[in-house]
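Protein chains in written order, with this note's numbering: chain Z, 1 to 242; chain G, 1001 to 1334.
Note that these hints are calculated values from the structure, not bench results. The structure displayed is predicted, hence computed values, not measured ones. Be careful, since some hints might not be right.
[Unchecked claim] The list that follows gives simulated cross-link-like pairs (lysine to any residue, SDA-like), each with its CA atoms no further than 20 Å apart: (1) K41/Z / V1261/G; (2) K1219/G / R198/Z; (3) K1002/G / V1127/G; (4) K142/Z / R1290/G.
[Said to hold, decoys possible] Where chain Z lies over chain G, by a calculated footprint (3+ residues, C-beta under 8 Å): (5) 1163-1170; (6) 1254-1267.
Glycine residues also receive a C-beta, built at the ideal position from the N, C-alpha and C atoms.
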Amino acid sequence: MIRTIIVDDEPPARDILREYLSANDDVEIVAECANGFEAVKAVAEHDPDLLLLDIQMPKLDGFEVLSLLDRSPMVVFVTAHDEYAVRAFEVNALDYLLKPFSEDRLRAVMQKVRQQLLRPRAAAAPLGEALRHKPLQRIVVKGDDGAIQVVPVSRIDYIEAADDAIVIVAGPTKVRKQQAIGDLAAQLDATRFVRIHRSYLLNIDRIDKIEMYAKDSRVAILRDGTKLPVSRSGYATLRELL
Amino acid sequence: MKIKAALYAIGAVTFAAIVSSVLLLSKSNVALSSVVVASIAPSLLLGFIAVASRFLCRVLPIRSTADTQLIAAHGGSAAVASGLWTGAWIASSGALGQAPPDPTPLFVLGLMLYIACVVVQYLVIEVEAAREAEAAALRYQVLAREAELRAFKAQVDPHFLFNSLNAVASLCGTRPNDAREMALRLAEFFRIMLRIGALERITLGEEIDLVTRYLAIEKVRFGDRLRTHISVDDGAASCLVPPLLLQPLVENAVRHGIASVVEGGTIDVNAHLTDGTLRISIDNPADPDRADSHGEGIGLQNAAGRLSAVSDGRARFHAAEDEGRFHVEIELPR
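Just chain Z, same shape as in the assembly:
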């Protein structure tokens, strides 16, 4: 059986997928989700073979859902927007269904799914953090307890490297995420987030002033009084931007 999860925030959109799929005897719908949070939870719970995934949804969009999954089911995006096709390709989506779609089109997709299932499971390429065309607008983090936190990039003050993880500081909120600071830096808007130091990525809107600390070493003083070290190359980048 092809264990399938349908994710879409609009009930009629879920209905038509369920209806079309009911003609396939080898498909079992193990869950239907109306938003990104539910989807992340359902995938962890059911470990499906196939995820039929809408993109624009409340809380988490389809790509953010994928970035939070520990397992990688096959993914078929189902959306009215054609502009995400390239990104879908980058996260190794199996196919991209444009709403509205015909039953024939879905049948062809399911044929692809069956072929894919015949191959060894390991061959399924890992999903997860993909290249981004646009800078990230929010960062999603799944905690150890499975709770998901969404941090809009505009609220981030700075990001600090801590061992093999990072700590995202946004006002009073501190969120820990398993990611290399360089990876995240590459996904953020480079004109706004500057790697001022090996261990620090700073939102330059938060800078109050930069002071000499010792010869060849400076500190950035943020509006809230926080002091962060600035390396020589970090200072060069800052000077270019400010």
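Start from chain Z and add chain G according to the hints.
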């Protein structure tokens, strides 16, 4: 540039004062040149004061100031200016060792010169105001044209159509009668939108009718997540407004508001006519953590620009977000 104009004006008044006073005072027994020399200082003084009358003219706009006030203010300042001018003349003649001139004709001449200056000042102010108004009208015209163009392009989000058609396709399988109704609603919505979109002005009632139809279609897609409350009083419904003013704003409220919230919420549209001002508000829930949406800002900007263009800048547009609710307010003087 302004300083240059003021210097020219002072020069002109000074020259006029020298010529007229020399003509008035020249006698056969005094050398013309010495009268001219004596006239320079008082004439310059009068030139300065007369040009400075511009400030008084600015403070007392001719259209909105009572005649008595105008006569009192300018008469008084003319008397003072002319008094100074006459005094300066007497002092200047004395300093040059000449016989003091007869003050009465000098005083009358000073009065006439000063009053002539005030009249010219008012003329200049009027001409400037007319030119300014013309430029502003032109600016608004251009803005209005641009806004119309943008509004036309952005009339409806194509994804609304695709998603709605997807819902129609979905309903065909399970609830064919609802599918038929949805198709008819879509057709009616587009027909009405194309018709009123081509008009200059429609009543707010017509716009609200369009918005209501739009929301009914979106309710099929969003189900219980989309609730609406529309309240429009009779006076407001008969007000004339540019077409498709609210439609894009309500569309925003659905796309970036309701669609971003798991449990959905209520879109509140209120329109009331009080004291000759049409007040419209749109209020909806929105996830404060939603990814900043580019389209959202553009939609609001378009609406604000368009409103300002059609009302010659008299309308007020205000959009704010607070604790998970998005709020747009429009005030349109009739």
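Coverage claim, chain Z over the region 1254-1267 of chain G, checked by counting residues with Cβ within 8 Å (three needed):
holds (count 4)
With the threshold set at 20 Å, check whether the alpha-carbon distance from K142/Z to R1290/G stays at or below it.
Distance of about 17 Å is within 20 Å: holds.
Would you mind confirming whether the straight-line C-alpha gap from K1002/G to V1127/G stays at or under 20 Å?
holds (16 Å)
Taking a Cβ-Cβ distance under 8 Å as contact, does the region 1163-1170 of chain G have three or more residues in contact with chain Z?
Held - the region 1163-1170 of chain G has 7 residues with a Cβ nearer than 8 Å to chain Z, which meets the minimum of three.
Has the given pair, K41/Z with V1261/G, been kept, meaning a C-alpha gap of at most 20 Å?
The given pair, whose Cα atoms are some 18 Å apart, holds under the 20 Å limit.
Please verify whether K1219/G and R198/Z have alpha carbons no more than 20 Å apart.
violated (51 Å)
Hint check: a violation occurs at hint 2 only; the rest are consistent with the structure.
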